[in-house]
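Trainee: Sequence:
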Amino acid sequence: MDLLETRALKSASRPRLVFAGDVVGYDGVMGMMQYNRTFRMHRKLTATQVSAKSISRFEPIQEQEVLRLLKRIHEHPNSQNLPDYLTQASGSIMLRILYNYKTDSNKNDHIVSMANLVMEEFSKATTPGAWIVDFIPWLRHLPEWMPGAGFKKTARLFRKHLLQNVHDPYNYVREKMASGNDDVSYVAGLIKDIHRKIDPEEETVIAWTAASMMNAGTDTTGAMLFAFFAAMALYPNVQKRAQDEINHVVGDSHLPSFSDKAVLPYINAIVREVLRWHTLAPMGFPHMTTEDDIYRGYFIPKNTLLFPAVASLAHDPEVYHDPMEFKPERFLEPYNEANPSDFVFGFGRRACPGRWIAEQTMFLSIAQTLAVFNIEKALDDEGKEIPVVYEQLPGVISRVKPFPHRIVLRSEKYKRFVE
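For the record, in the sequence shown the residue sitting at position 401 is 401 according to our numbering, with numbers rising by one throughout.
Rather than coming from a laboratory, the hints here were simulated on the basis of the structure.
Positions of the beta carbon are idealized from the N, C-alpha and C atoms, including for glycine.
With a straight-line Cα cutoff of 30 Å, these simulated DSS-like cross-link-like pairs (lysine-lysine) come out: (1) K176 x K192; (2) K413 x K377; (3) K102 x K53.
Label pairs and their in silico Cβ distance ranges: (4) D244 x K384: 21 to 29 Å; (5) D199 x Q34: 21 to 29 Å; (6) D244 x N106: 32 to 40 Å.
Given the sequences, and given the hints that come with them, work out the whole structure.
Mentor: In structure tokens, the structure reads:
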């Protein structure tokens, strides 16, 4: 951590991926950019709209979309599509924050479908060893019809989808602003902050920063929320303690809200523990050094790849007692163990700019879910509980393997919130 934080100027770049970056164009996404003037411009613009202090204006959006999620779970309590519901809810929140675009979960939405498709294609494009052009870069200059250049057809399709993903929702905002119907979204906020006619370069930067936030914030938050459901099924004592806190502090007259956040320490601890216990990006995302460096006597040449072992940091027994267990109390007195948010969202100048939105969405989703539902193990035909097996699926982004579950109302009095 120290190397990536204190020497951030020397280690803040990203490796160059020929297929994903040069050929498809994902190097326009903030998380894939080299550390240069363009990256700093993207980062600066993003910080003006989604800092810890500025995101409170998005809280009504998060409250509305989380309530929609609760209602959907109530309608389909034992559905194996729960991971999809969580990802769709996360995506709906991001679309409304970024573009003031409201989705309809009952309809096939073009912008939502395109965002999901681009994330699938991004995962394929960045798969190590999948593309010959990453090993033989000069192949990118071959015409598409030549043997060995078949990757170019795939890249052309991926690029088409990527550009649609960037420009279609941005153009939606511009049309809404022209008719006076958007003054709250991230994109609208950036455009208004310029206070003059926006130039093409600024339009491009705004469109790409919004798409970067959308693509980075949808799948990841949904995956973390599904890890929370797994943890509750595995650790009912944690669920019970959290519900006792909600009962005592909030009661049952209303659902927990952001105004209750400061007085729900155990719920906040659950958010932290989900981030630590289920490491979403076990190897982090690679940094690349931009100049030679010496660190603790070791020579690190320019263009060295640095992989932060995030899973090891999150499960270090010298920092976290019983690191493989789900124990939210580790963040409370008397333990006060280290906040995993300081490393799971990245390091230094490459830290995720959407961290505050993700944490807010997780808090509200977790608090309101536990206020209304019990998350339990599924039952077999004989009425016996089916053991939950916590298993992480392989990938750059690690997801919990779907498992049988049962979600039931805590009591009939909570039905009024979700019907």
